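Each chain, letter by letter, is given below.
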Amino acid sequence: MRLSASTLRPALAGAVLLAACSDAALAYTATLTAAAPQMIYLQVGNGTFTGGNYTPIQGNGQPTGTPGNNATINKVSTNLTLAAVGNGTPQAMTTDSTATQSFWDGYTYCSVPAQLYIGGFYRTAGGNTAAAQVTATVPAALIDTTGDTLPFSKISWTSSGNGDFGGEPFPAGTFVSGGVQTVGSMASNTWNESCWTFSYLNNTVPKSGVYSGTVVYTMSTP
Amino acid sequence: MSAARCRFAFFLPLALTIIWAAAAQAKSITIDDSASQALEPSVSMHWQTAAPSRSGRGNLMVGTTTIRVRINVMPWLRHAGRIYLSLPAQQPGPITLSWVTQGRFLPGQVQSGNRVLVYAGPITTPFMEDTLTFQFTLDGSVMRRAVPVSYHFEMDGER
Chain A
1 MRLSASTLRP
11 ALAGAVLLAA
21 CSDAALAYTA
31 TLTAAAPQMI
41 YLQVGNGTFT
51 GGNYTPIQGN
61 GQPTGTPGNN
71 ATINKVSTNL
81 TLAAVGNGTP
91 QAMTTDSTAT
101 QSFWDGYTYC
111 SVPAQLYIGG
121 FYRTAGGNTA
131 AAQVTATVPA
141 ALIDTTGDTL
151 PFSKISWTSS
161 GNGDFGGEPF
171 PAGTFVSGGV
181 QTVGSMASNT
191 WNESCWTFSY
201 LNNTVPKSGV
211 YSGTVVYTMS
221 TP
Chain B
1 MSAARCRFAF
11 FLPLALTIIW
21 AAAAQAKSIT
31 IDDSASQALE
41 PSVSMHWQTA
51 APSRSGRGNL
61 MVGTTTIRVR
71 INVMPWLRHA
81 GRIYLSLPAQ
91 QPGPITLSWV
101 TQGRFLPGQV
111 QSGNRVLVYA
121 GPITTPFMED
131 TLTFQFTLDG
141 SVMRRAVPVS
151 YHFEMDGER
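Protein chains in written order, with our numbering: chain A, 1 to 222; chain B, 1 to 159.
Derived by calculation from the structure, the hints in this document are not laboratory data.
Small disclaimer: the values here were computed from a predicted structure and weren't measured.
Glycine included, C-beta positions come from ideal geometry on N, C-alpha and C.
Fair warning: there could be bad hints in the mix.
[What the hints assert, rightly or not] Label-pair ranges, simulated between beta-carbon atoms:
1. 64(A) / 77(B): 36 to 44 Å
2. 100(B) / 172(A): 29 to 37 Å
3. 40(B) / 52(A): 44 to 52 Å
4. 51(A) / 54(B): 54 to 62 Å
5. 28(B) / 218(A): 34 to 42 Å
6. 100(B) / 105(A): 25 to 33 Å
7. 181(A) / 108(B): 49 to 57 Å
8. 41(B) / 133(A): 54 to 62 Å
9. 40(A) / 102(B): 19 to 27 Å
10. 80(A) / 44(B): 31 to 39 Å
[Claimed, not checked] To give an idea of the chain B side of the interface with chain A (calculated C-beta under 8 Å), a few residues:
11. 35
12. 39
13. 47
14. 50
15. 65
16. 91
17. 98
18. 130
19. 140
20. 147
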């Protein structure tokens, strides 16, 4: 068959169009869906990682250790001698927590019994950069067995960590006497940790006794 | 004009002609893969590492899927060909695709916006088949919603 110039042009145009349509159809399209895109981990005092620390990352891309639950409620306390009670000199408090090493890499980050470890992470997909908040729910007062009280606001803490630099994710503070207060935040997709050193203000003379109270720490994601 | 300059003038047009001819032959054509079969409808993406780093970097998500690849290479039958896996640049951002094969094609890895050779040699059958397990890797911060990712096989060869 012999094509004239006028019949050849539409034929070529048709071929080009066909090729374009064909290319569009001939491709795999995989739909990627984030599974379990959010994860949180908060550790105050003792924590649990099974299988070791988080790092080093293994050859298959998985961490060595896995975060777990730890139901331990650690104590922070101080004993005052009669002569020291109410003398205005803050009294250092110590903890029964044994958490010294960061589960991130095993680095000795906190010193016990002087410091209480607090750390964790907030995993989220989708570029949500808002930070997760960590709050403390604080009773109005510490109470002894006979009902005498000491305001929780008598207890403060400083924040640091071995080899640290820059700001602390869980900064220094003082408890409120009853209420919920923010004690730190965790930027998304970042490991956060601090070591708290507590002290009792010791500027009043309460009745002798053992005063205690429980603070509950809660992590809330955006 | 000296003899040397005369030779240069002769060889230059010749060389240009050869290069032009080679470029004209190396056309890339998307291969018909409509007979291929994905074993999973979608790819579940998981954090490459469950906990993040201290620096906040390295927040990659990974997911795998297996595809029984069956591509129609009939148009190139009894010719030599070079088959590439092409991952065009696309939203939502940089993607890495790696794969392992059962041996018919080469295993490899490609970044979006590039292509990688998976076969070079004679085309002896109308269809070429292999089972490929693909792994997608991308930054979790771009995974706001389900992300469609397109890739294809293409042939450089004579028809």
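These are the hints, each one checked on the structure:
At about 51 Å, the CB distance of residue 64(A) to residue 77(B) disagrees with the hint of 36 to 44 Å. Judged by the Cβ atoms, the range 29 to 37 Å given for residue 100(B) and residue 172(A) is violated: they are separated by roughly 52 Å. In this structure the supplied range 44 to 52 Å is violated for residue 40(B) paired with residue 52(A), their Cβ-Cβ distance being about 32 Å. As the Cβ distance of residue 51(A) to residue 54(B) is approximately 20 Å, the hint placing it in 54 to 62 Å is violated.
Hint check: residue 28(B) to residue 218(A), Cβ distance near 57 Å, so the stated range 34 to 42 Å is violated. Roughly 31 Å separates the CB atoms of residue 100(B) and residue 105(A), a value that falls within the hinted 25 to 33 Å. With their beta carbons about 54 Å apart, residue 181(A) and residue 108(B) fall inside the hinted range of 49 to 57 Å. For the hinted restraint 54 to 62 Å between residue 41(B) and residue 133(A), the CB-CB distance of approximately 37 Å leaves it violated.
Roughly 40 Å separates the CB atoms of residue 40(A) and residue 102(B), a value that falls outside the hinted 19 to 27 Å. Between residue 80(A) and residue 44(B) the beta carbons are some 57 Å apart, a value that contradicts the proposed interval 31 to 39 Å. At a threshold of 8 Å, the smallest CB-CB gap from residue 35(B) to chain A is about 11 Å, leaving the interface hint violated. For residue 39(B), the suggested interface contact is broken, since its CB lies about 11 Å from the closest CB of chain A, more than 8 Å.
Proximity of residue 47(B) to chain A holds as hinted, the smallest CB-CB distance being about 6 Å (cut-off 8 Å). A cut of 8 Å between beta carbons decides the hint on residue 50(B): the least distance to chain A is about 6 Å, and the hint holds. Given the 8 Å rule on beta carbons, the hint for residue 65(B) holds: about 6 Å separates it from the nearest Cβ of chain A. Here the hint on residue 91(B) is broken, as its CB sits about 12 Å from the closest CB of chain A, past 8 Å.
Annotation: residue 98(B) was flagged as interfacial toward chain A, and the flag is violated, the nearest CB pair being 12 Å apart, outside 8 Å. Taking 8 Å as the C-beta contact cut-off toward chain A, the hint placing residue 130(B) at the interface is violated, the least distance being around 14 Å. The beta carbon of residue 140(B) is positioned within 8 Å of a beta carbon in chain A (closest approach about 4 Å), and the interface hint is therefore held. Interface hint at residue 147(B): satisfied, since its Cβ lies 4 Å from the closest Cβ of chain A, which is below the 8 Å cut-off.
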